[in-house]
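**Q** If you're matching positions, the sequence shown starts at 518 in the numbering used here and goes up one per residue.
These are computed hints drawn from the structure, not numbers from a lab. Quick caveat, the model's predicted, so the values are computed rather than measured. Be aware that a few hints might be false.
[As the list claims (entries may be wrong)] Distance condition first, Cα-Cα at most 27 Å in a straight line; then the derived DSS-like pairs of lysine-lysine: (1) Lys582 x Lys652; (2) Lys618 x Lys654; (3) Lys619 x Lys573; (4) Lys571 x Lys619; (5) Lys672 x Lys608; (6) Lys757 x Lys798; (7) Lys652 x Lys711; (8) Lys729 x Lys798; (9) Lys707 x Lys758; (10) Lys672 x Lys652; (11) Lys618 x Lys582; (12) Lys707 x Lys618; (13) Lys757 x Lys771; (14) Lys771 x Lys758; (15) Lys672 x Lys584; (16) Lys524 x Lys582; (17) Lys608 x Lys541; (18) Lys608 x Lys619; (19) Lys571 x Lys621.
[What the hints assert, rightly or not] Simulated DEER-style distance windows between Cβ atoms: (20) Leu717 x Cys784: 35 to 41 Å; (21) Ala797 x Met518: 25 to 31 Å; (22) Arg552 x Ile695: 17 to 23 Å; (23) Met518 x Val636: 29 to 35 Å; (24) Gln607 x Pro677: 22 to 28 Å; (25) Gly656 x Glu572: 28 to 34 Å; (26) His530 x Val687: 36 to 42 Å; (27) Gln738 x Pro536: 23 to 29 Å.
Even for Gly, the Cβ is constructed at its ideal location relative to N, Cα and C.
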Amino acid sequence: MEVYVGKQNEGPHQMDTSPAAVVKRLCSAIVGTGRNITMDNWFMSYSLVEDLLKEKLTAVGTMRKNKRQIPAAFIETKHRELNSSLFGYQKNMTLVSYVPKKNKNVILLSSMHHDGSIVSTGQREKPEIVVFYNKTKSGVDRADQLAQCYNTARKSQRWPLAIFFHLLNVSVINACVIHQHNSGESGKRKNFIKNIAFELLQPYLRSRLDCKSLTEKLRLQIDAHLPGPSTTQDTGIEIKKKRCKFCPRKEDRKTKTVCSECASHICSFHSTILCMDCAAKAAEEVVTDD
518 MEVYVGKQNE
528 GPHQMDTSPA
538 AVVKRLCSAI
548 VGTGRNITMD
558 NWFMSYSLVE
568 DLLKEKLTAV
578 GTMRKNKRQI
588 PAAFIETKHR
598 ELNSSLFGYQ
608 KNMTLVSYVP
618 KKNKNVILLS
628 SMHHDGSIVS
638 TGQREKPEIV
648 VFYNKTKSGV
658 DRADQLAQCY
668 NTARKSQRWP
678 LAIFFHLLNV
688 SVINACVIHQ
698 HNSGESGKRK
708 NFIKNIAFEL
718 LQPYLRSRLD
728 CKSLTEKLRL
738 QIDAHLPGPS
748 TTQDTGIEIK
758 KKRCKFCPRK
768 EDRKTKTVCS
778 ECASHICSFH
788 STILCMDCAA
798 KAAEEVVTDD
């Protein structure tokens, strides 16, 4: 990942932020591997494809029609038939102009394809270059779509925080993909994210329990969310007697018994005792209703 910071001032740390320079830096780790790079018309250029070929990398992408390397015949659409394709070849590159709609065309350049192969998709005759581009271009769009479904970002004017939120979103997506690949499971991503959030929270919750000034109510609420046996007994904090939440003040009933859900003090007249089995069934019914 590279953060775009715009045009930089001259100096010892100045870095080229042109589209071609950005692509070369991002591809530095895969130089010489023979892989292909799919890019849109913001990054794509004839000179960039030439440079990538020298590094044993191929490229496929759309080109803007104002590029001087594109012949006029590839831009003209007035006398072109619908779904027609025009191919041009030079060195190790293939240029194609495809007309998907009347008076509209898309131009793509590829150093991976070297012929005018056509793929029939219903009534349309699409060039293989176009089909390959459509198939491989959606990685970034798909990642952005997944991130928006469960976005961790919050509104902020601080750019380091914005980058952190983006890294967190991408990390969760990558972790889910790796987990599903290694385990063979295909569960819901929502549940995976919940498990990650809880695993990240647990160390903090346990450290909070060690705080001597923590209120009794908050301590019980934290303890209820932690797995395993209750830790409230290990803290050395004795539960104090307090007035029952529902009893009138004149009766002044005080008790050490607290509600397992809201941690309010409840006397025997306003409480119900459940065994472990019944409590588990009640919890299952609540989850089912939700």
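**Q** Could you work out which earlier hints the structure fails to respect and list their numbers in ascending sequence?
**A** 3, 4, 5, 6, 7, 8, 9, 10, 12, 15, 18, 19, 21, 24, 25, 26 and 27
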